[in-house]
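*Asks:* Protein sequences appear in the order of chains A and B.
Quick note: the first sequence, position 20, residue 20 per this note's numbering, numbers continuous.
Take any residue in the second sequence, note its place counting from 1, add 1000, and you have its number in this note's numbering.
FYI, nobody ran anything at the bench for these hints, they're computed from the structure.
Where hints are given, some of them may not hold.
[Claimed, not checked] List time: in silico PhoX-like cross-link candidates among lysine-lysine, alpha-carbon distance up to 20 Å: (1) A/236 / A/142; (2) A/10 / B/1195; (3) A/173 / A/142; (4) B/1197 / A/10; (5) A/13 / B/1197; (6) B/1195 / A/13; (7) B/1017 / B/1227; (8) A/197 / A/187.
[Stated by the list, open to error] Some residues of chain B that are not near chain A, with every Cβ distance over 10 Å (derived): (9) 1189; (10) 1192; (11) 1210.
We put the CB at the ideal spot given by N, CA and C, even for glycine.
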Amino acid sequence: MEYFLSEEQKTIKSLARRIAEERILPVRAELDEKEEFPWAIIKDLADADMFRVFVPEEYEGLGGGCLELCLVVEELSRICSAVATCYAVNALGCFTLIDYGTEEQRRKYLPDIASGKKLTAFAVTEPTAGSDVSAIKTTAEKVEGGYVLNGTKQFITNGGEAEIYTVIALTDKARGARGASAILVEKDTPGFSFGKKEKKMGIRASATRELIFRNCFVPEENLISKPGMGFLLTMKLFDHSRPGIGAQAVGIAQGALEVAVDYTRQRIQFGQPLISLPVVQDILGDMGTQIEAARALVYAAARMVDSGAKNVTEESAMAKVFASDMAMKVTTDAVQICGGIGYMRDFPLEKMMRDAKITQIYEGSNQVLRNAIAIELRKRRARTE
Amino acid sequence: MNVVVCLKQVPGTTKVKINPETNTLIRQGIENIINPFDTYALEEGVRLKERFGGRVTAISMGPPQAEAMLREAISLGADEAVLLSDKTFAGADTWATAYTLASAVKKLGQYDLIICGRQTLDGDTGQVGPELAEMLNVPLVAYVSRVEEVADGQMRVQRLVEDGHEVIGTSLPAVISVVKEINVPRLPSLRGITKSKSAVIPVWTVQDLGVDQSMVGLAGSFTKVIKIFFPQRICQGEIFQGELENQVECLVGKLRDAGLV
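Isolated chain B (complex conformation):
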């Protein structure tokens, strides 16, 4: 079973600056981590490989520094990794990102399953997985919480929905996005770390993917972030003090005044 896992490097902090011109995150010079949701995707890929054989390929679109994250992916069980990095990829929205990833998946060749995290910690859209499935014209199951069975080009999974679980069967190849309930990601192994240090991680540019520059990055994005700001706090709590009876009276009075009771 050949699995492709899509990973994104995200800031390991909430103190990030925004580029005022593009309204995208400034990723240089801050500590980065694997998007936490993607760690579950990687772990599931490695577990499927351990159960059914095959290979796990980790791919990521990002700046050159994302290579470190791909090395970590190898230490965690990925067999190989490819970094999609080119200045023209910068500023991509979810559509342009999915397009770039889809182009890379096509270049990789035969695959059975693509696994994504349910969403990223920074962008938070949860759109790249579904868009990727659309562009590759394969089925999508989002919010997968358990892989039940894989056999004969079919797969049965559980997906988390608001009021319970759905059990869904799909043909392969397919794209799934996973939730954190699916597994507990492992820590790296010593042998994995040794392997990751010497691993060769190819970097594919826009030329390598053979795609039009106008389809990737900011140029290929349909959406543009116009403004990013911290919402103003408008609600304020009130703490009643003094004797408990007085507190209750104050509370009831306030609720009455507001016409709530």
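So that you can see chain A by itself, here it is in the shape it has in the complex:
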């Protein structure tokens, strides 16, 4: 399908593919097996300017937007979605800073993020607050010159590896979700430590840890936007980042499709290649169609985000939901048509199937997002009455 990408976008996509094939492919199974954070690949991505893609030009970035980010994430995910996660979460960790930070905050942090010198993370989830983001308990009490953080964040991607964290904490407990604020916390701040590293089903090379705050003081200038804006900023952030999860899902599915096509072409059963069997063709045809439909939706949503449209909640959620459900189905089908070999850990498909699952869960579970889409549909109808 022709998506009319610009020359620059094509360059970004092809370089990301080259890095994935030359640097990630040879080590992806080992990274998955050892659950090892891919620092060497992070360096390759940094050297290739991949972290500059989503940072504005004024701060040593390349000024790309959601679509450019999606192109990189898709290509990396086609080979290894765990590495793609380690990369993509940096956008999540700094989009709030880019969109709502002060000039001073941006100058201080963005150049190091653009160069890949410092990784970032975003922390909202807590033991009691998953889909129900408003149930967070971590507090940021106002004191002379800053805030004191107390509480525990859970399942934080890049936790322990990142240097800069955007943390959502309650600056006003009494106001609930309206009392949440976004605060930048640097690694090595006294009172800030890391809990256990999670053992995950998929995206195992990515690091997922607890963040623990015990009387952790951060200066006032680390507050992003105004007190009480944390919840709103989180919702805005996810609206902008969800097409990226869609792109991750498209990449995983594309990778699985390619493996399945290659294998079914050479596997002989009943005297012919598997791919000649109508039952296999039926499944492959569906896989290809579903992937292309998801890609079109993801790119369209990303372009809408980049257009500066005010409300992208619905489109962005649709792209994430559709693409992630598609990836789960496509990877499961890929394992199915490759039979026994598809189930083996020497073959890449079972990893892709494990990796696909998280895309239905994180950055808003698909069920919560379907609710959000339905609410938008209802609101729109109500407006026309």
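On the provided structure of chain A, position chain B as indicated by the hints.
*Replies:* Only chain B this time, still in chain A's reference frame:
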């Protein structure tokens, strides 16, 4: 530290045709790549620049299509590139190639180091680097596997020899040829690619170099390839089959018959 890196564009395949008249490779219309050994030379040049400052200039003698390779060199960190291209350069042997490169280096002006790959994938001679040093009258260290130190116009390097490493000190300017153990070449960067697209790559002809036509290309070559052919396979393996004991007996019998045991 100003570094000149010599690059050659080579066929990215083994399916090349030979010009029956000149017995040289027909380079038109096939996919070309940077000679893999030269990618280590370029990477080392860029790393030295990153450590000590200065500039990296990539030069190549080749047909007009070699410009694409020089653009790639810029995307990989070279600051500028010059293509030496002229019909009279065609068919050059290593001597004429080194002469042309040496003339270009003289035209470039001041330099501290010239880096070449240990050999090319197509010609496989490994002679151009040493000849270049000879013609420029500067020291040569071949098969360098590590640059240890550069200071005060001196350089200490490790070179790979058959039974280990030698540590060698040399004054600068010098020519080194590098082996693949020296580094892992980087991939291009997005900013590098953008820069390479708009880079102006001058093309120097025989007139630009101000050299005699009889010294370059086929005319300036001392050697001529008389014939190129694929060697006939004369050795053939034999696979013994059946029970292991019988296989061993067959093998021992054959070795005895051949008088080897």
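*Asks:* Against this structure, judge whether each hint is valid.
*Replies:* Okay, the hints, checked on the actual structure:
1. Our distance criterion of 20 Å between C-alpha atoms is broken by residue 236 of chain A and residue 142 of chain A, whose separation comes to about 25 Å.
2. Note on residue 10 of chain A and residue 1195 of chain B: the hinted pairing holds, with a Cα-Cα distance of about 16 Å set against a maximum of 20 Å.
3. Pair hint residue 173 of chain A plus residue 142 of chain A holds up; C-alpha atoms about 11 Å apart against a cutoff of 20 Å.
4. With a C-alpha separation of about 14 Å, the suggested pair residue 1197 of chain B and residue 10 of chain A falls inside the 20 Å cut-off, and the hint holds.
5. Under the criterion of a C-alpha separation no larger than 20 Å, the hint pairing residue 13 of chain A with residue 1197 of chain B is consistent with the structure, at around 17 Å.
6. Pair hint residue 1195 of chain B plus residue 13 of chain A holds up; C-alpha atoms about 17 Å apart against a cutoff of 20 Å.
7. At most 20 Å may separate the alpha-carbon atoms for a hinted pair to count; residue 1017 of chain B and residue 1227 of chain B meet this at roughly 13 Å.
8. The suggested pairing of residue 197 of chain A with residue 187 of chain A holds, with an alpha-carbon distance near 16 Å, which does not exceed 20 Å.
9. Not every Cβ of chain A is farther than 10 Å from the Cβ of residue 1189 of chain B; the closest lies at roughly 4 Å, contradicting the non-interface assignment.
10. With a cut of 10 Å on Cβ distances, residue 1192 of chain B falls inside the contact zone with chain A, its closest approach being about 8 Å.
11. The Cβ of residue 1210 of chain B sits about 39 Å from the closest Cβ of chain A, beyond the 10 Å cut-off, so the non-interface label holds.
Consistency note: the structure conflicts with the earlier hints numbered 1, 9, 10.
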